[in-house]
Amino acid sequence: SSGINAEYGDFHHRADYLFLVGTEEGKIYKCSKHYSSQYLDTYDAHHMAVYAVRWNNFHPRVFASCSADWTVKIWDHHYSEPMFTFDLGNSVGDVVWSPYSATVFGAVTDDGQVHIFDLSQEKYEPVCQQSVVQKKKTKVNHLAFNQHYPMIVVGDDRGNALTLKLSPNLRKCL
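Just so we're aligned, residue 28 is where the sequence shown starts under the working numbering, counting upward by one.
Since the hints were derived computationally from the structure, they do not count as laboratory data. C-beta: ideal position from N, C-alpha, C; glycine also. Just so you know, not all the hints are guaranteed correct.
[To be verified] Keeping only pairs whose Cα atoms sit at most 25 Å apart, straight-line, the calculated BS3-like set for lysine-lysine is: (1) 166 with 192; (2) 54 with 163; (3) 163 with 192; (4) 192 with 150.
[What the hints assert, rightly or not] Derived CB-CB ranges, DEER-like: (5) 52 with 195: 38 to 46 Å; (6) 62 with 188: 32 to 40 Å; (7) 85 with 195: 28 to 36 Å; (8) 62 with 176: 34 to 42 Å; (9) 176 with 148: 18 to 26 Å; (10) 178 with 88: 22 to 30 Å; (11) 190 with 62: 25 to 33 Å; (12) 105 with 148: 22 to 30 Å.
When you get a sec, could you build the whole thing from the sequences and use the hints?
Written out as structure tokens, the structure reads:
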């Protein structure tokens with residue numbers, strides 16, 4: 028409400044009055060529908076534009092963010108510093124939590140890679156990393172987990188969508 032350049036926002040899954048907004052300047056604002064003229068919290072989250080902010084489906088205190096600064100960060104919204112920071116080596120266009128596990132999330136990068144993490148298995152590296160584009164200049168910028176089947180959908184900047192089946196070790200919680 029004070030002239031921020033908002034890039035992306037997400038409403039909390041349990042407290043529907045609470046939402047996060049990522050900005051072009053790399054900040055994340057925690058906001059409430061009850062206090063429209065002020066922020067509840069400000070996170071100096073990234074050094075470049077925030078492209079996605081997503082609440083975890085299972086842990087009400089946890090959210091993920093991604094940015095043009097090549098990083099994905101995992102946060103507890105009660106603290107100003109991230110719990111985890113992952114440098115993916117390229118601009119990160121999207122980050123999404125899995126709908127069936129509190130510890131699984133995916134991210135896509137401008138170099139055409141999909142990165143799948145499972146924090147219960149590996150806290151420092153993705154458990155799977157896959158190139159999904161044919162042409163070098165195609166940027167992958169969207170990711171979605173299927174709610175019912177062990178699949179993800181990846182979208183690119185040319186309007187193409189690709190469906191990928193998750194390996195058995197990433198869908199054991201379905």
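Okay, the hints, checked on the actual structure:
1. 166 with 192: holds (20 Å)
2. 54 with 163: violated (30 Å)
3. 163 with 192: The given pair, whose Cα atoms are some 23 Å apart, holds under the 25 Å limit.
4. 192 with 150: holds (23 Å)
5. 52 with 195: 38 to 46 Å: Holds - the Cβ-Cβ distance for residue 52 and residue 195, about 42 Å, lies within 38 to 46 Å.
6. 62 with 188: 32 to 40 Å: Cβ of residue 62 to Cβ of residue 188: about 38 Å, so the range 32 to 40 Å holds.
7. 85 with 195: 28 to 36 Å: violated (21 Å)
8. 62 with 176: 34 to 42 Å: holds (40 Å)
9. 176 with 148: 18 to 26 Å: Holds, since residue 176 and residue 148 (Cβ atoms, about 21 Å apart) stay within the stated range.
10. 178 with 88: 22 to 30 Å: holds (28 Å)
11. 190 with 62: 25 to 33 Å: violated (41 Å)
12. 105 with 148: 22 to 30 Å: For residue 148 against residue 105, whose Cβ atoms are near 26 Å apart, the range 22 to 30 Å holds.
Checked against the numbered hints listed earlier, the structure breaks hints 2, 7 and 11; every other hint is satisfied.
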